[in-house]
Amino acid sequence: MKHNVTAAMEDYEAKKPLLSEDGRFSLCVPSYFRRIMLIIGLHFRDIALVAGPLVFVVLLYTLDINGGESKSEDMVAVMAWMFIWWVFEAIPLAITALLPLFLLPLLRIQTASAVSKSYTSDSIFLIMGSFILANALQFRNLHKRFALYIISLFGSDPRFLLFGFCIGSGFISMWVDNVAAAAMLMPMAVAVQQKVHAGFDLQRAGLTDGLQAEADDSSVHEQESLGEDAGSKAIQKQSSMYPERHLSNVLVNMDAEDVLKIELDFSRGVAISVALSVTIGGMSTLTGNAANMVLSGIWEAEFPKEKSLSYLQWMLFTVPFAILLILTSWTLLCIFFCPPSAVKPICRSLHSLHFEDELAKLGAVTPDQIAVLVIYLVLPLQMGSKLAAFQI
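Position 84 (the sequence shown) corresponds to 84 in the working numbering; numbering is contiguous.
Worth flagging that the hints you see were computed from the coordinates, not collected in a lab. The structure displayed is predicted, hence computed values, not measured ones. Where hints are given, some of them may not hold.
Stated by the list, open to error - In silico PhoX-like cross-links for lysine-lysine, where the CA-CA straight-line distance does not exceed 20 angstroms: (1) 117 with 305; (2) 361 with 195; (3) 261 with 195; (4) 144 with 361; (5) 361 with 261.
Modelling step: build the complete structure from the supplied sequences, incorporating the hints.
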């Protein structure tokens, strides 16, 4: 017996490199290979810091495009260096963005004056201005006030709540960069997901069954003592004061897996509604997406004799498409993430969401918020103006 135990222990030690932490067999990966991967994972930024210029030098002296008659090889080498540093964030992104400022003149691809003009173009300052305004909007909590207002307006029904997220996210991303808009609104989406999860957790934990039984017992006694009409009023009063007690009425005939699927699907739908809507709203104005502003700059550089792309012209062309895409996205979200069978259970969970109270906690609108709001209202008028001073 002792010999068998010793043999088993020796066998375990021999196979230990192939075991995971819980003792089960993992992939047959050699231990030295896993050590190498661990070292790379811990020092990947340092490796990228060295790999960027190394790849640059290798491509510079080995790559041959068009027989070396053009500067294509040099440009590819610069792009490879920037790509490595940008993706792995070997150094701050702002410093990586300055690489062309000295690499392009060094390789005689462009002059220093031509490269520096790209960093001070109208499009770049427009991008900077949009981010500055986005920070002002976030610093003064206007984004939260607006999001809470939209959600409280549409929050009684899960389908309309998705519609509120679509409309609110799309509208905010029209005036703010879509990445900044997503960063502002995603915490609100997470808050909704957490509240819905908490509502379903009450039923799964069995708390609502006990509360429902207590409510039924008290309602029966009140009905016997006060009469049928008075008892019905008492039940309605309890339902309005404690909506979570009646969650189990909706979920009692549903499997636990079905309830979990409803909860997860709706949570995914809320997150996807923000992602889709900020992308759609971002394309509808010049300031909604950095790519739009870059296109405006390229248009001016390539066609200097043509009229510039004005803010109003861009909106007249893109806003109808944006509205159509928002409605289409909302319809698809309702079909895939909030079908009719899921509406009633989610409605019961949403009773615990008191966004009106959170909106009231923000207090009255302050003069600072009014000033930021006025700037946001005036800015599109200036950008859409036909005056040369405001034309983009």
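**Message:** Between the alpha carbons of residue 261 and residue 195, is the straight-line distance 20 angstroms or under?
**Reply:** Judged against 20 angstroms, a Cα distance of about 16 angstroms means the pair holds.
**Message:** Holds or violated: residue 361 and residue 261, Cα atoms, limit 20 angstroms.
**Reply:** Roughly 33 angstroms separates the two Cα atoms, so the pair is violated.
**Asked** Has the given pair, residue 361 with residue 195, been kept, meaning a C-alpha gap of at most 20 angstroms?
**Response** Holds, at about 18 angstroms.
**Message:** Just to be careful, I want the Cα atoms of residue 117 and residue 305 compared with a cutoff of 20 angstroms; is the pair within it?
**Reply:** Within the cut-off at roughly 19 angstroms; holds.
**Message:** So if I understand the rule, the pair passes when the alpha-carbon distance is 20 angstroms or less; does residue 144 with residue 361 pass?
**Reply:** holds (11 angstroms)
When the structure is compared with the earlier hints, a violation turns up for hint 5 alone.
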